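Single-letter residue listing:
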Amino acid sequence: MADTTAPLPAAAKRRRPMADLKKQPGFNQIAWGCIFILYAPIIVLIAFSFNDNRSVVLWTEFSFRWYVEAFGNEGIRKATIVSLEVAAVATVFSTIFATMAALATTRTQPFKGQTLAYAIINQPLMIPEIVTAVSTLAFFSLIKQLTGVNGIGYLMLAHTVFCIPFAYMPIRARLEDMNLTMEQAAADLYAPPLQVFRRVTLPLLMPGIVAGAMLAFVVSLDDVIITLLVAGPGETTLPIYILGQIRRGITPEINAVSTLLLGLSIAFVTLFFLLGRRRK
Amino acid sequence: MPVEPSATAGAGKTASSRTMISVDRVTKSFGSGNHLVTALDDVSVKIRENEFFTLLGPSGCGKTTLLRLIAGFELPTSGQILLDGEEIGHLPPYKRPVNTVFQNYALFPHMTVAQNIGFGLEMQGKPKADVDKTVQKMLAMVRMEHLAGRRTDQLSGGQQQRVALARALAPHPKVLLLDEPLSALDLKLRKEMQIELKRLQSETGITFVFVTHDQEEALTMSDRIAVMDTGHILQVGDPKEIYDRPARRFVADFIGDINILNAEMTAVKGDVGEVKLASGATITARLSSASVQPGSVSIAIRPENVGLCGVEDAARTAIGTIENAVYFGSGTNTHIALDGGGTIVARNSGETGAPGERVGVILPDRHLQVLID
Ligand SMILES: Nc1ncnc2c1ncn2[C@@H]1O[C@H](COP(=O)(O)OP(=O)(O)OP(=O)(O)O)[C@@H](O)[C@H]1O
Ligand SMILES: [Mg+2]
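As given, the protein sequences belong to chains G and V, one line each in that order.
Quick note: the first sequence uses our numbering, first residue 1, plus one each step.
Quick note: the second sequence uses our numbering, first residue 1, plus one each step.
Hints listed in this document are in silico derivations from the structure and should not be mistaken for laboratory results.
A quick note: this is a predicted structure, and the numbers were derived from the prediction, not measured.
Just so you know, not all the hints are guaranteed correct.
Simulated restraints on C-beta separations [stated by the list, open to error]: (1) P128/G to D132/V: 51 to 61 Å; (2) S265/G to H90/V: 30 to 40 Å; (3) L38/G to P109/V: 35 to 45 Å; (4) E74/G to K128/V: 54 to 64 Å; (5) D186/V to A267/G: 40 to 50 Å; (6) G148/G to P127/V: 50 to 60 Å; (7) T115/G to H90/V: 27 to 37 Å.
Note that beta-carbon positions come from the ideal geometry of N, C-alpha and C, so glycine has one too.
Start from the sequences and build out the full structure, keeping to the hints where you can.
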């Protein structure tokens, strides 16, 4: 009995909580500094999108004037439609491929080269985007020359490809923490593999798929570098249009469009998190 | 390897003697090379129609593996599994008329209680009206009618258990496999479910194969028990047989309290052996297997079968000194150091002596058993 109490002081010492990081000098200042640098420009952007004045430095009066003008602007309207079309197509296909890839890497016997498969699927995340962009441009030019086929399909294809890893991550995460016994229970209850997938795997996987699709949509909507190089004439997406306009000076109209784009992205990301939370 | 039960086995009232599952020399290994694990090593067992059959053994002995082989989630490395006379060892799970109650229930969270229960029937292609009728019947059977429309994640542990049972029983399988279905429940609920399970088994007449590592649960519920250790089935028999006539030292140790004495067997006469105890007394003990050879052996006797008497009593087998007596409510365990070596525990409800007192010990022949190691 006596010797069990002896090592107690040492144990107590080990149990003492780590020094609280929040109490370190300067912690608060640095944290607030970072948050300020991150969000101040965005707040300025949002504020001046409601400014009834051509200036982006002088505040005069609140108004929706720039939103009205943005909606009336043919260029912005066309770019928005192109952006949504490309994002929609890229989202659908990248999500389908990502789902198949996620199933193949989690619902099969471990196979040789599985790590390599992960690496290949996630490749677009690791290679600098400019490299992907340049190589895609060269590759597509070659195909265009050989086949003579042009069109927005190339841009959609490029977006689909770089969206796959983004869609893949939440789907695979969901599959990994989905209990395998659920699918075994279905098989045990006379469901052949296809029915197991349709009736059990797919419905349970849905939150992951939706999260993946939303992530892919946002990533496609925001892309600049690859789009800039791959997009042909008449295939200007919203970010590219904004970029073009900004070269001629910032206008409050661009602020308004950017604010809308931001709102859309926030809406999607929030939904993504809510769905992620609901699965727990 | 397994010790076949005697012809009188099969205490269960409903169990017939027809074989439902025959596991024939099945070996199952996982991994390869240095990581080779043999979960089941040349296991054979026959499970009868309508019986409540229990696989009992310590953690890691291969109970789940044997169940998964019968269900079809694993394929045997070698050997055959016959269901109702047909070889099923290589059929996928969905083609086997066998259902499982999983340890964590594995209910479908995106379906209601009724949809869960109907799933198997639906997959079998039964018409909707039949499915609904059976689902109602099953709901009534497990007394869950009022919760038919609930989502399964809004149920208590005991309710989930009932749904899992109803879901597995609804397609009326030939065999129901249950892998430690009660281990997640608290003691009171557990006792209730034990009775419930027995009721369901006799009502449906389905063969139950039940896995547990709780010997008491096994003894109270089973028609027959297979005791397993490290990939082997050591003994198969009805609870009384397993308890009164353990064949092996492991089985004797694993189930209940038991005294094991070292002794010298001098002769074999049919199914009994003549054994000389360390005290010098000669007794006859039942042989657990014909393969026991004369020589040094272990003999086993349950504490409640050990009698105490006066030192001069003619009935005594041995003499010893009381070391201590432990009272436990319904009786007393008396620990006695035997003259000539060894200690023995006697359990009785009456008076025993005080420590240091000399007593006579009676070891009735009919309760003595020679064990194989
Ligand atoms: N998929 C697997 N891969 C490798 N080894 C396995 C696998 N499944 C089981 N084993 C091994 O086989 C042996 C038997 O496992 P099993 O799960 O059948 O034991 P159990 O009797 O059910 O134990 P418990 O009471 O703990 O559930 C163990 O040593 C285990 O580690
Ligand atoms: Mg187990």
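Hints that the structure is at odds with (numbers, increasing)
2
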